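**Q** Going down the list, the protein sequences come from chains A and B. Everything in the first sequence is counted per the working numbering, starting at 1 for the first residue and increasing by one. Everything in the second sequence is counted per the working numbering, starting at 1001 for the first residue and increasing by one.
One thing to keep in mind: the hints can contain errors.
[As the list claims (entries may be wrong)] Taking lysine-lysine pairs in the BS3-like style, the calculated list, with each CA pair at most 30 Å apart, reads: (1) 121/A - 1266/B; (2) 39/A - 121/A; (3) 1413/B - 59/A; (4) 1142/B - 24/A; (5) 24/A - 1040/B; (6) 30/A - 121/A.
[Stated by the list, open to error] Have a look at the derived ranges for each label pair, beta carbon to beta carbon: (7) 104/A - 1427/B: 38 to 48 Å; (8) 135/A - 1458/B: 55 to 65 Å; (9) 2/A - 1351/B: 18 to 28 Å; (10) 129/A - 1316/B: 52 to 62 Å; (11) 1351/B - 129/A: 33 to 43 Å.
[To be verified] A few chain A positions that, by computed beta-carbon distances, are all more than 12 Å from chain B: (12) 11; (13) 24; (14) 115.
These are computed hints drawn from the structure, not numbers from a lab. Fair warning: this is a prediction, and the values are worked out from it, not measured in the lab. Each residue gets a CB set at the ideal place from its N, CA and C atoms; glycine is no exception.
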Amino acid sequence: MEHRILHVEDNADDVMLTGMAFRKAGCPAKLDVATDGNKAIAALQTDAPRPACVLLDIKMPTLSGLEVLKWIRAQPHLKRIPVIMLTSSVLPEDINQAYDLGANSYLVKPSGLEALIEMAKMIDQYWLRANTPPG
Amino acid sequence: MIQITTTPEPTPHTETGNGSTWAPPQMRANILLVDDRPDKLLALETVLTSLGQNIVKAQSGKDALRELLKQEFAVILLDVSMPGMDGFETAALIRERESSANTPIIFVTSYGNSDNHIARGYSLGAVDYLLTPIVPEILRTKVSVLVRLHEQTALIKRQGEELRRAEAARYQRELADVADRLEIETRRNRFFTLAQEMLGIADFNGRLLHLNASWNLAMGYTDDELKSVTGMDLVHPEDANKLMAGLNAVRNGSPLPYFEGRFRHKDGSYRWLGGTATPFMEEKLIYIFVRDVTPQKNAETQIQQLNHELEQRVAALTEANSQLEAFNYSIAHDLRTPLRSMSGFANALVEDEVAGLSTAGLEYARRIARSAKYMDAMLLDMLAYSRLSRADIVCEPVALDHSVLETLSVMEKEIRDRGVTVEVREPFFAVYAHPPTLKQIISNLLSNAIKFTDPSRKPVLRIYTTKSVQPLQSPSPRGEGLGVKGAPSSSPSPATDLVRFWVEDNGIGIPPEFQEKIFGLFKRLHDASAYPGTGVGLALVRRGAERMGGRAGVESEPGHGSRFWVELPAGTAPSP
Chain A
1 MEHRILHVED NADDVMLTGM AFRKAGCPAK LDVATDGNKA IAALQTDAPR PACVLLDIKM
61 PTLSGLEVLK WIRAQPHLKR IPVIMLTSSV LPEDINQAYD LGANSYLVKP SGLEALIEMA
121 KMIDQYWLRA NTPPG
Chain B
1001 MIQITTTPEP TPHTETGNGS TWAPPQMRAN ILLVDDRPDK LLALETVLTS LGQNIVKAQS
1061 GKDALRELLK QEFAVILLDV SMPGMDGFET AALIRERESS ANTPIIFVTS YGNSDNHIAR
1121 GYSLGAVDYL LTPIVPEILR TKVSVLVRLH EQTALIKRQG EELRRAEAAR YQRELADVAD
1181 RLEIETRRNR FFTLAQEMLG IADFNGRLLH LNASWNLAMG YTDDELKSVT GMDLVHPEDA
1241 NKLMAGLNAV RNGSPLPYFE GRFRHKDGSY RWLGGTATPF MEEKLIYIFV RDVTPQKNAE
1301 TQIQQLNHEL EQRVAALTEA NSQLEAFNYS IAHDLRTPLR SMSGFANALV EDEVAGLSTA
1361 GLEYARRIAR SAKYMDAMLL DMLAYSRLSR ADIVCEPVAL DHSVLETLSV MEKEIRDRGV
1421 TVEVREPFFA VYAHPPTLKQ IISNLLSNAI KFTDPSRKPV LRIYTTKSVQ PLQSPSPRGE
1481 GLGVKGAPSS SPSPATDLVR FWVEDNGIGI PPEFQEKIFG LFKRLHDASA YPGTGVGLAL
1541 VRRGAERMGG RAGVESEPGH GSRFWVELPA GTAPSP
């Protein structure tokens, strides 16, 4: 079965590199991209099948990733969806707030393609294969 | 003729001696016997000796007068018929003298001319007369009566004198007491007159009735000017309510502990007066003690102003500092985003686009990737350093063993690859530290030691602790200011024990002139190709140590290795 991942990221380079990393990692999942928080909410509100997980950046214009996370957790049909924060922020307040709001994981964007590929592999292995998703 | 009918008696009393066995000489009365005939004198003396008095004999009126000059007599027995100056003449002269005017005189005369003599004798103040031949008993009786009379007179006189003396002494004492009291009061009064404080006595309206000179000196008004107003007339409007409240309290009988207020000087300026006031309820008076505290108040105001300015400046600096740190942080953070792209796409070029690249192009792409990676490492370290400066540091007792072993296990691969022998000299002393920061420090020190190995010898690493009792602010071995800057964000343990964590290597060592420099941010002594690194690791070590109330340093000799140390307050928990 083909997984879908919603990648919420405003930086086009990061979108491109992350997509590249997932391909190189051999991850079969399809990455849907939303380039800001509002678009992410819009994408999650369509009738399309629910993504297997959400990769969520924090620092974005208009609606921040934390606000998107809050919204997701408030939606009955989305509240259990695995949300993986993928951000450059290492501020303790961001990290703690993300967990407080119900993030399932917090990953700091690595630098260098190799590290990014490694991370993509781990996401694939853990969240798409090992992890049992909510019913 | 004198008939001696008396029986001779022992005469021990006639000896005057030392007077140690008998009454004092002054208690004996003097009896003067005057007769021109020695045999008669002897007869009289013989009769009177038994009286135990002091008998003085004179053979003429002249002699008698001479004796009377020398001393006082209780009685004089005076023979009337004497050649030259007779008894009457002598008596007349005796009476003329003040000292003997009242001395009893007994004339001694014969029967033959007794009538005539008796009359004349009395007129001359004789008290009695004796007719010869003398009857010893009568003589003794008469004389002893007069002697007793004399003694009693003398006694009364003495007692009177003693009484007078006692009274005089009492009077003198009282006089002295009064003088003393006066002296004390005068001295006490000087408190009032000499006091540099303004002392005054006011009525319950606050009007001064008595005041000392200090008021004039401090406030410029004359006594009369001050007595014509009350404190309320001179007090600064802003202090009036306070003064009124104080005055009311004093009127109700409670002393005013301390009052401060501004009062108008004659020159129109206001002076700060500070002092106390105590009521004396019985007389409705207020005792006031104040002094001019204007200089103190001015200094106080100035200090307050300075403090305020200082606080503002500190606040501004703190704000600027935290803004700067936030700025540093966001720069480091934001710079990483484009860097990730540069790094990622350079990697992609190298990996995926080899076909379209020349050899040189491929090399350039590799260089871009390498530089981007290095820059990213720098930014990450900078972020870590910045975080360390901003983070809340809460210290607790930490056993070093666990942190060291954990760090070593993380580095296990690198240690093995480089063939480093690690000697861990346990047990370690516990320290008082912030665990995450401590771990970072240990990690940085160990990776630093592993990195700068000398290729010519087998690298050996020794890890151990030492303990010392030293003041925390003691100068560093090199006299550099390694001490705690500013207050540590958590107080160290009360013990002054200090623990040094040592990481000793046998690597390349550090030249003396660089031993301080290497703790600075981005300070590197080597080409990145020889020893990779960003130059932040040791800066982090020092900053971390300082933030935990400790310090960090190094002892090194080029070519012989280095001993890095971190000094922290000893932890209360005993090291296992």
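**Q** Please go over all the hints and tell whether each is borne out by the structure.
**A** These are the hints, each one checked on the structure:
no.	hint	result
1	121/A - 1266/B	violated, 92 Å
2	39/A - 121/A	holds, 26 Å
3	1413/B - 59/A	violated, 36 Å
4	1142/B - 24/A	violated, 167 Å
5	24/A - 1040/B	violated, 175 Å
6	30/A - 121/A	holds, 14 Å
7	104/A - 1427/B: 38 to 48 Å	holds, 42 Å
8	135/A - 1458/B: 55 to 65 Å	holds, 59 Å
9	2/A - 1351/B: 18 to 28 Å	holds, 26 Å
10	129/A - 1316/B: 52 to 62 Å	holds, 56 Å
11	1351/B - 129/A: 33 to 43 Å	violated, 25 Å
12	11	violated, 6 Å
13	24	violated, 8 Å
14	115	violated, 9 Å
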